[in-house]
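Protein sequences appear in the order of chains G and W.
For the first sequence, the positions run 55 to 612 when our numbering is used.
For the second sequence, the positions run 55 to 612 when our numbering is used.
One thing to keep in mind: the hints can contain errors.
Copies of the same chain look alike in the list, so a pair counts if it works inside one copy or between any two.
Result set (DMTMM-like, lysine to aspartate or glutamate): computed pairs, CA atoms no more than 25 angstroms apart in a straight line [to be verified]:
no., residue 1, residue 2
1, LYS598, ASP301
2, LYS598, ASP110
3, LYS397, ASP110
4, LYS600, ASP110
5, LYS397, GLU408
6, LYS489, ASP380
7, LYS600, GLU161
8, LYS571, GLU244
9, LYS584, ASP532
10, LYS600, GLU143
11, LYS585, ASP542
12, LYS433, GLU260
13, LYS600, ASP100
14, LYS600, GLU98
15, LYS600, GLU556
16, LYS459, ASP274
17, LYS571, ASP589
18, LYS309, GLU260
19, LYS584, GLU555
20, LYS585, GLU611
21, LYS397, GLU450
22, LYS170, ASP542
23, LYS571, ASP532
24, LYS598, ASP497
25, LYS397, GLU258
26, LYS397, GLU361
No lab work stands behind these hints: they were computed from the structure.
There are 2 protein chains.
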Amino acid sequence: MSDNKIGDVSMIPLGGVGQIGKNMMVLEVNDELLIIDAGVMFPENDLLGIDLVIPDFTYVKENKDRVKAIVLTHGHEDHIGAMPYLLKELDLDVPIYGTKLTLGLLEGKLKEHRIKDKKLKVVNPGNLVKVSSFEVEFIKVNHSIADTCALALHTPLGPIVYASDFKFDQTPIDGGVADFHKLAELGDSEPGVLALFSDSTNVEHEGYTLSEKIVGHTIDNIFRGARERIIVATFASNIHRVQQIADAAFKYKRKIALTGRSMINNVEIARRLGYLTIAEDMIVDIRDCDNIPDNKIVLLTTGSQGEPMAALTRMSRGDHYHIKIDEGDTVVISASAIPGNEKFIGQTINQLFERGANVIYEDVSGVHVSGHASQEELKLMINLTKPKYLVPTHGEYRHLYRHAKLAEEVGIESDNIYIASLGDRIKFTEDRIYKTESIKAGDVLVDGLGIGDVGNIVLRDRRLLSEDGVIIVVLTIDNNGNILSGPDIVTRGFVYIRESEELIAEANSRVEEALRKCEENKVTEWSSLKKTIRDSLNNYIYKKIKRRPMILPIIMEV
Amino acid sequence: MSDNKIGDVSMIPLGGVGQIGKNMMVLEVNDELLIIDAGVMFPENDLLGIDLVIPDFTYVKENKDRVKAIVLTHGHEDHIGAMPYLLKELDLDVPIYGTKLTLGLLEGKLKEHRIKDKKLKVVNPGNLVKVSSFEVEFIKVNHSIADTCALALHTPLGPIVYASDFKFDQTPIDGGVADFHKLAELGDSEPGVLALFSDSTNVEHEGYTLSEKIVGHTIDNIFRGARERIIVATFASNIHRVQQIADAAFKYKRKIALTGRSMINNVEIARRLGYLTIAEDMIVDIRDCDNIPDNKIVLLTTGSQGEPMAALTRMSRGDHYHIKIDEGDTVVISASAIPGNEKFIGQTINQLFERGANVIYEDVSGVHVSGHASQEELKLMINLTKPKYLVPTHGEYRHLYRHAKLAEEVGIESDNIYIASLGDRIKFTEDRIYKTESIKAGDVLVDGLGIGDVGNIVLRDRRLLSEDGVIIVVLTIDNNGNILSGPDIVTRGFVYIRESEELIAEANSRVEEALRKCEENKVTEWSSLKKTIRDSLNNYIYKKIKRRPMILPIIMEV
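Build out the structure end to end from the sequences listed, making use of the hints.
Next up, the structure:
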């Protein structure tokens, strides 16, 4: 089953390398497995109709009995979003470790999926967890969600530091800077850090990522200047951002109303667990907004990515169930575009402006900072932990590559840096880091309730259908092969029928003509008939209008 | 037909406002029309299968006899790309004015569309053209294509400055700075500039847009450092960029090979017309590259936007007919992403890195500058021309809005600024600028040879088909309504059939069951039968797998 022998230490990325999202890693020491995170990825445009992408769980499924625990670094979708699928597919009964907020968010997710009785074990940053022969330390770092931890995974060859997503914020909102001392201590220990797995998301950015506190100043300025209603859209999971908005609301004597399902849920969880301090009387129901003067209210909403069904997007289109954008409203989009969403966000901004709002967005102001480390922080992480080996993670190939180059500048030898692909078993020894085998890994597509049933053939058909539509040709024949009725042509997504009757009529006679020839030549085999129909239509249509719809001949026998 | 009376001056945007691309404007003075540019827009992702978007020509078609001339500001697709469609639809025989390169590029386009015998009239920057009662001056400005002009459209109320796309480059490659003096002279004239129509594309950028010459320095540095093959991708129409690459090639003793149809065409046209100075012996056929040492060759290629079929994209995928990317190659992507293309470009960069190339791209170096004016240049344009009225153009709503705000800062009164929508007749008088009527205008979709035949219904069907595919249910009945064969189910793009036989079988029996009930209740009307099939399948499928494929019942009568 596995190349791992007693005494061996290896890591297997099942997600998050060569791609952004869907983070999942397996640590294998001797014959035991530890799973680190299990996240989703949101589908690219070419994955037509796909809702989510999750990791291929084949390896952990085949080695289920050797899995000893799951550890989670933080509560973002790309780190915990695939947990329900993992738990359902494997019916795992191992302990799941994470900080309070991380597990709080996971709990909500499991409830939605009706998964019960899992062993959720809350840890605090700084804790050391022992399970079977694994020892895992949770190390506080900063990120765009509270309660994020890096991990020190202790192995017989020394600790592996799994940095996950992080930044170093010198003035964080919750007062908790990253645990520099623990990272430094690991770097100074004997035999020293075996390997560092570090965040490549922002490796193209020079310098340092700005502190979350900067956003607070911008928000304060906006609140001070606004005379009427304020509407702020941000990521629902960015609890510190929400806190800063709530603080400004308190300072400028505005009540807060929430809209958007994930915003309402996340604020509820974060308040309940103590990550968000908003007095009860600060929050009003959105349906009561009309009773409050415009200069006494802030709306906190989802939709910062222009998602078609989110609350802010609905407001911009004018179909939000309760809020109508008015002249004088100040709308703040406190987020940056996730690549691929630029067009949606742009559209939302345009429509808000058209409705008379004053829109404040990232391109023109400091209403957002990233949660990921820039180049100088990545270097600091390397210099603090002084790892023997480096594995860049959380990035497309170009990010991993540039992170490798950055590490070389800091002094890591290029032989000691490994750019991983999904499913690589990365083996560590005292002298080298290398790949020993390829484990089955990849992207599993989720569409509705179907997991993995949409593959390349289905996607290729969807793509064909999306481009020029479909032409269906139906024919009824008797069992001697004589045509009883048809050919009838039905099209969808091809041309506007009412204005193309001539084209369709001509297409029909082309098919009839072709079938007549078949008859003359005594061709009665169904596959030949279908091919004849397809070829004659294909040629005619392409010549006539330069489109290539999918052509589907159907023969019914009576 | 028209609200324009003798003595009236109005402008009608048929493209380029509330959108980026598809630029087209009509100037109407008394009863005469002048067309300014006729460009295309590349379709957004949600326009499935659409190749191009062109303006709705209804107004100019209905008033064809009043059209006196067409003037073109520069040779980019979004300014001349719709000309073949305009000329074909209207069969116009009016003079077409433009600079030499602009008309050279147009000529190639007309040849492709087999349009002959058009009156192309070459003008030089600085020329004044008189046609019918119109007087148009061509004013040199800088942009990312050579030979770009702003226009002064002289009207009885004073000149309208139509700035089109521009930047002010103080150190341009061809030595020709913008004609500041003409712009200043117009601003100082009596009664002064009536209105300025100005480029809003880069209004979100502070300061000045960098000079094209900056890119030359970066390219020089790259050439100096490269030890093996250099491959540069850029916009084929960016002649000055191509010149700078050619200059570096000459300096570092490398030959140039071209790949990509538009690169080969544009370089040919620009060299023939004298806009590009590359000695004959500098250029080699790409098929002869293998005979030249890697450090003696530069490839100039298309594909800077990651277009699926372009030469660089093919190289990145490993299926270019001649060029194989090797370890040691330096690839320069000398362009920025047009919004919506980020993902494609990212993919190309990843794959080039994976093949071992050193990729230099915008995010990490100065290999590209914009061709559009930033805020300070936009202000300078206003201060030079001192217009009474301002109409921001070439932008989505948010760009137009911000340009309006910028103009207010410079001192234009807000009542004198008009944010236009497509088809607004913008009327000018001595005291005010206002909209008098709405002209039919909008986006016409081109798909293959079909112009405007794909509308909302077809697009909605394509979207439905793209998301969850199609289920076709066929049924043969006799003329008494008895079922002779079927129901047969055929699906495409829905599920992978081999792994979903059970689902399809169950769906089939649901349909049979529903039809049996129809029979019992003596329901034989086709529309009722079809509705029954659709409803029963819809319910079953959604419950079972949470997808909503298009369901197409087809009944054949024998």
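Checked hints:
1. LYS598 / ASP301: Neither. Shortest intra-copy (65 angstroms) and inter-copy (46 angstroms) distances fail the 25 angstroms Cα cut-off.
2. LYS598 / ASP110: between (45 angstroms within a copy, 23 angstroms between copies)
3. LYS397 / ASP110: between (31 angstroms within a copy, 23 angstroms between copies)
4. LYS600 / ASP110: between (40 angstroms within a copy, 21 angstroms between copies)
5. LYS397 / GLU408: within (16 angstroms within a copy, 29 angstroms between copies)
6. LYS489 / ASP380: between (59 angstroms within a copy, 23 angstroms between copies)
7. LYS600 / GLU161: between (53 angstroms within a copy, 23 angstroms between copies)
8. LYS571 / GLU244: Close neither inside one copy (85 angstroms) nor across copies (79 angstroms); limit 25 angstroms.
9. LYS584 / ASP532: Answer is both: 16 angstroms inside a copy and 24 angstroms across each meet the 25 angstroms cutoff.
10. LYS600 / GLU143: Between copies, since 19 angstroms is at most 25 angstroms while 46 angstroms is not.
11. LYS585 / ASP542: both (16 angstroms within a copy, 20 angstroms between copies)
12. LYS433 / GLU260: Classified as within; 11 angstroms inside a copy, 31 angstroms across copies.
13. LYS600 / ASP100: both (23 angstroms within a copy, 20 angstroms between copies)
14. LYS600 / GLU98: between (28 angstroms within a copy, 20 angstroms between copies)
15. LYS600 / GLU556: For LYS600 and GLU556, only the intra-copy Cα distance (16 angstroms) is at most 25 angstroms; the inter-copy one is 38 angstroms.
16. LYS459 / ASP274: between (40 angstroms within a copy, 23 angstroms between copies)
17. LYS571 / ASP589: The answer is within: 13 angstroms in one copy meets 25 angstroms, while 40 angstroms across copies does not.
18. LYS309 / GLU260: For LYS309 and GLU260, neither the intra-copy (39 angstroms) nor the inter-copy (35 angstroms) Cα distance is at most 25 angstroms.
19. LYS584 / GLU555: Both: 23 angstroms inside a chain and 23 angstroms across chains, each within 25 angstroms.
20. LYS585 / GLU611: both (17 angstroms within a copy, 24 angstroms between copies)
21. LYS397 / GLU450: Result: close both inside a copy and across copies, 21 angstroms intra and 11 angstroms inter.
22. LYS170 / ASP542: Classified as neither; 53 angstroms inside a copy, 42 angstroms across copies.
23. LYS571 / ASP532: within (18 angstroms within a copy, 27 angstroms between copies)
24. LYS598 / ASP497: Close across copies (23 angstroms), not inside one copy (40 angstroms); limit 25 angstroms.
25. LYS397 / GLU258: Both: 22 angstroms inside a copy, 16 angstroms across copies.
26. LYS397 / GLU361: both (10 angstroms within a copy, 18 angstroms between copies)
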